[in-house]
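Undergrad: Each chain, written out:
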Amino acid sequence: MHPAPSIIAFTTLSGMGLGLLVFLGLGITAPTGLAAFLWFGLGYGLTIAGLAASAFHLGHPERALKAFTQWRSSWLSREAVLATAALVIMAPHAAGSVFWNMPLAGFGLIGGVLSLMTILATAMIYAQLRTVPRWHHWTTPAVFLLAGLTGGALLAGQPLIGQLLLAWLAVALALHWMLGDRQFALTGSTLGTATGLGARGRVRQLEPPHSGQNYLMREMIHVVGRKHALKLRVLALLGAAIVPSLLLWLMPFSVFALSAAAILHLMGMLASRWLFFAQAEHVVGLYYGQR
Amino acid sequence: MTTLPQTTEKKLGLVIDLDTCVGCHACVVSCKGWNTENYGAPLSDVDPYGADPVGTFLNRVHTYEVTPDDGASAFAVHMPKSCLHCEDAPCVTVCPTGASYKRTEDGIVLVNEQDCIGCGLCAWACPYGAREMDALAGVMKKCTLCVDRIYNDTLPEEDRVPACVRTCPAGARHFGDLGDDSSAVSKLVSERDGIDLMPEQGTKPVNKYLPPRLRDALPAAAAPMPTDPETQGLDGFLGWIDRTLERF
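For the record, the sequence lines run as chains A and B. Here the numbering used here runs 388 ahead of the position in the first sequence, where the first position is 1. Here the numbering used here runs 20 ahead of the position in the second sequence, where the first position is 1.
Everything labelled a hint here was simulated from the structure, so no lab data went into it. A couple of the hints might just be wrong.
[To be verified] EDC-like, lysine to aspartate or glutamate: derived pairs with alpha carbons at most 20 Å apart:
1. K454(A) with D135(B)
2. K52(B) with D168(B)
3. K30(B) with D108(B)
4. K52(B) with E133(B)
5. K454(A) with E133(B)
6. K619(A) with D569(A)
Model the full assembly from the supplied sequences, consistent with the hints where possible.
TA: Dropping the structure here:
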């Protein structure tokens, strides 16, 4: 799949921001005054920056409000509704913490749970697609949830929870990659099933519909990303989980180590999210004799 | 609503005969023409006369080669592909705005272009590549089954079929109600063992494809030609030439 920078930025940044809001909402990190202003500001800022980045991906961003209507069937619509609900319901808790030294635990709790559900909804947009076998797997929501929570724990200044989550994230990433490599073959989709001619013999593309590119090929068939997949996986795993974990182990209560770990984790997650798209193969590629 | 109807009154769709299609692309052209001049945003081309032209099409013809495992001769198949108007259309349920919908009355899957935000998720959800985002209009385009022809009383009756069906010079495309077992298209599907594309995707396509009929097998291949010409026992004038030349 085409790794659009706007979607990679959106899923990574808003995931991290929502993860931070989970910790702030549930009161695991409970700042007040200026500290609360900065912390909630970071959580809201990252989430809103991500949502704004995703709007750049739309053909008609001015109609984005319509995306709040189809929550009964569409995960994308649910994500929009949940994200907005999370940010709105969290607001009294944030304002109480910042201005009146009075966190409102009820709003925080609901806001925190909604933030977590928003990350899940984002993951399900991808995990629901049978057409992209690598995504259509339980490891997709596992990676998204753990990545959001890990980033949130590092930003929220929670080194112990962070350590635990970093380890789980490393396992989830490795499983997502290893199990994901088998997913396409497991669907059984081949050019034979795609054309229905497989029962008659070996099928091969003789001539594509047009001699040029088209929207489908640019959007769904992305080969370049797979060439360096192994190197990128190692870099992503080191950046997103292993090096931050070592940093926290060496300097568990240093602000510098936490910040460095958070930045490294973000870099690693951006690489891993790029791979998430670039490596994913859409079944429509079969019609073009490509994957 | 982007939830799918439980049942539809009709299942309008296409039956495409892979044995008859000659791969002329006339359906591609007529589709592009009708859907650019009529309902909805035109199907744009970008850089049409330049080095790297790309454009939006609702119907594309692929060509494949099939080599039978039993040694029968290989054959080529032209495969026009457009929206299959699936009963369990994954492109509809993913739509966040309600722009995508499946009609209860005839099962046609349509996009309300005024509601489409151009997020592209429906194109990702379709296994067949039936939806294409128009680069200029920024909205999703797809086959409408020429909904503005088939019910159009201002057209002569013979024109009230999709443009691709009307134009096909080989008669490889058939239009009708696949929900009605007595319809001509349904009979064609049962007589010719019509097939679904990628049934493992669980989309339950309405459009069916008629597989190529079995071909006559070639007679058993003759014994291979000897690599060196055999001249043993040659007599007369040719035998003399052969023996004389052999001496040099």
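Undergrad: Quick one: which hint numbers does this structure break? Sort them smallest to largest.
TA: As far as the earlier hints go, not one is violated by this structure.
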